[in-house]
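Sequence order for the protein chains is A and B. Counting from 35, one number per residue, gives the positions in the first sequence under this note's numbering. Counting from 35, one number per residue, gives the positions in the second sequence under this note's numbering.
Any given hint might turn out to be false.
Copies of the same chain look alike in the list, so a pair counts if it works inside one copy or between any two.
[Unchecked claim] For lysine-lysine, the following DSS-like pairs were computed, each having C-alpha atoms within a straight-line distance of at most 25 angstroms:
id: 1; residue 1: 195; residue 2: 384
id: 2; residue 1: 115; residue 2: 384
id: 3; residue 1: 384; residue 2: 310
id: 4; residue 1: 109; residue 2: 384
id: 5; residue 1: 109; residue 2: 288
Please keep in mind that the hints were generated in silico from the structure rather than gathered at the bench. Predicted, not measured: the structure shown is a model, and the values here were computed from it.
Protein chains: 2
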Amino acid sequence: MFSFKIISKDTKTHARVGKLVTPHGVIDTPAFVPVGTKATVKGLTPQDLKECGVQILFGNTYHLHLRPGEDIVAKFGGLAKFMGWDGPTITDSGGFQVFSLGQLSLSSRTRFGISGDEVEMLKQVQHDNNNEQPRLVNITDEGVKFRSHIDGSPHFFTPEKSIEIQQKLGADLILVFDECAPHPSTYEYTKEAMERTHRWAVRSLNYHKRHSGEQGDSRIDSGSSTRMTKKSPQALYGIIQGGVYKDLREESAKFISNLDFDGIAIGGVAVGESKKEMRDVLEWIHPFLPEDKPRHLLGIGEINDIFDAVEWGMDTFDCVIPTRFGRYGIAFVGQPEGNVKNKFRLQITKTAYARDEEPLASNCSCSVCQNFTRAYIHHLFRAEELLAYRLISYHNVYFITHLVKEIREAILDGRFEKLKKEWIKA
Amino acid sequence: MFSFKIISKDTKTHARVGKLVTPHGVIDTPAFVPVGTKATVKGLTPQDLKECGVQILFGNTYHLHLRPGEDIVAKFGGLAKFMGWDGPTITDSGGFQVFSLGQLSLSSRTRFGISGDEVEMLKQVQHDNNNEQPRLVNITDEGVKFRSHIDGSPHFFTPEKSIEIQQKLGADLILVFDECAPHPSTYEYTKEAMERTHRWAVRSLNYHKRHSGEQGDSRIDSGSSTRMTKKSPQALYGIIQGGVYKDLREESAKFISNLDFDGIAIGGVAVGESKKEMRDVLEWIHPFLPEDKPRHLLGIGEINDIFDAVEWGMDTFDCVIPTRFGRYGIAFVGQPEGNVKNKFRLQITKTAYARDEEPLASNCSCSVCQNFTRAYIHHLFRAEELLAYRLISYHNVYFITHLVKEIREAILDGRFEKLKKEWIKA
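Working from the sequences, and respecting the hints, build out all of it.
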């Protein structure tokens, strides 16, 4: 029901090509995973995503728990069926959003009518990191109290609760509940958060082992005679944290790698760190990663980063930027117009494109580039038309998915470094 | 290059089936025309529209003149090519929007820095109709001065200017510049506006005859040897006005029908009139309409209205509501859930649909109804996701387009009245 096999390895770097088999389908790795936060990749249909070559989608547990709720998703057969996606999915644990969204600004406090006493109570754990920013989220070893960013309602996530929700959401790949410390954080706070993440990893794993296959398991065909009892149809990934501190990252890599996870995720590299720091983290942890387990890098999707991630042996990586950039009017472009300096970005709203007859990217074969000019998409953006966001989002998802496919083929042909050099010129 | 042929006529009503041949393709009538105000049917691609069975699109001259401007559209080969639509198009004259959008509220006056003197000057023509609302649009027999709703810039439309712009936009069917009096208006004001509309109709026609085929005519294949000289590749429609006054409508129908237009449009029936008044207008004007010219009813698209329009011999009709309703979360539904009482509307945002496993409309074969549940689309709306607007808009355009196709087939089979009764039960 779940397996991972390495097909080919690059001889000069740590890049590798693999095959990740899940109950909902096979993923050829390396693979880019578009984010469908609220059970939709913004503006695009599952059919669009198939056309773009997408193999697997990412959903956010925090958002799906708040709306529509995991019980509704489970009733409809899990995340994939609920959204009409015929393929594998992955969900995060909710940890990252709990910390980044489940906070109370003064304005939202007023809006949601929360008393001063309660704010003081919520504040008590707060001054731990060197930001000196009071974070209105109550973190204890038991779990995290937070407020919904939608209506201010109180919620409490524990490692067990996160896994329970993810089991109902029914994704193929799921993640342990972790604390992603803000960046920058002190060594002391990062260590404390990492150690808590480790304790939570063990609890997530134990809960998953005890309860997997028992609920929300509508993903198994009802006609099937082999209902899972011991081995879950959901693969659980541990998460390595440790911020920008080498010894912490090494300790976390060892700890998570030694547990009985199906895969390894790397967290906290997309939270403010520079590209240099992301590369450092991947280099530090690499010696400790088990070769045979699939690896997911959380929150990465710019072109430079993708090359680095693959070079350091990452198999999958998710990111919102193809669709977020779509809504900002930023299209990914390759050569000749794209390069490291402009970050392979074309800002379609610029006046220069008002009469431009070219497609978004010269060498792109996506249906948007086949059918529409920059001038037209520029016009749609200026007019704030819905179609603008859809068209660039589609192009960006296609562009990144195809770049990663190209990378996969280059590794198989022994020319990964050559391809990287062609894109990332010194 | 342009022809209209009646294929079949209903024996009991005035309904008719026709074939409208244009340079960009053939339209089987009756046909519904989705509105692509700013060179896009909101949220949908031309490919989507083809899938929905759409034959012809409607563009708005006022909007396209302001942004991106007719010169850019002409540079790209006209409206259809600019937006990637391989089919016929129709543009309005800008008249309706000039009066409804080209007005200056006090707030926009401040915003655009327009002086008090200028406002007084603009106000001078204002207290003509019984609304007693000062309209900050300066109407004279020469034309209309108005301000852009985007940036407050001053513009002046005349019948000649409107045709000139429409020639550059290059749609297959174009409309004369008219004044659509607000509803309600006094008899006196309606008469004055109608008479001006008649004078403008003559000027529009004369300008079109003198200048057609000379500019903006990139719609003719450059490889073609027959460049138009006498007969324009654009068919010009006159517009019947006259409000809710029988003698004015009759007068207008006679006047417009006696001029050398390629087609006849009926204006002002969607501006506040009740269904009853729309039917009355169609009945009043019917005896005076030339049988052999195609007829377009402006701004009609609800299901009841479509049946009435077809019954009174209308061939095409445009409306924004399939996509506007899409953005409001209203889906068109037929039986069993839809009926005259609920106006064939389903409000997907209602809590009742949160767990509904059915498609938007039970008997719809569109790809949205084949692939998504009400519960999922309900969730998308609650989450304010872009995909929500897209999916319902697609369904609505498909739904209306297919209803009109069904009507067309029913007329051919001599069962139009039966079909109407099935839908519009007493």
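Structure-based check of all given hints:
1. 195 to 384: neither (47 angstroms within a copy, 29 angstroms between copies)
2. 115 to 384: between (40 angstroms within a copy, 22 angstroms between copies)
3. 384 to 310: The answer is neither: 30 angstroms in one copy and 49 angstroms across copies each exceed 25 angstroms.
4. 109 to 384: between (46 angstroms within a copy, 19 angstroms between copies)
5. 109 to 288: Neither: 39 angstroms inside a copy, 63 angstroms across copies.
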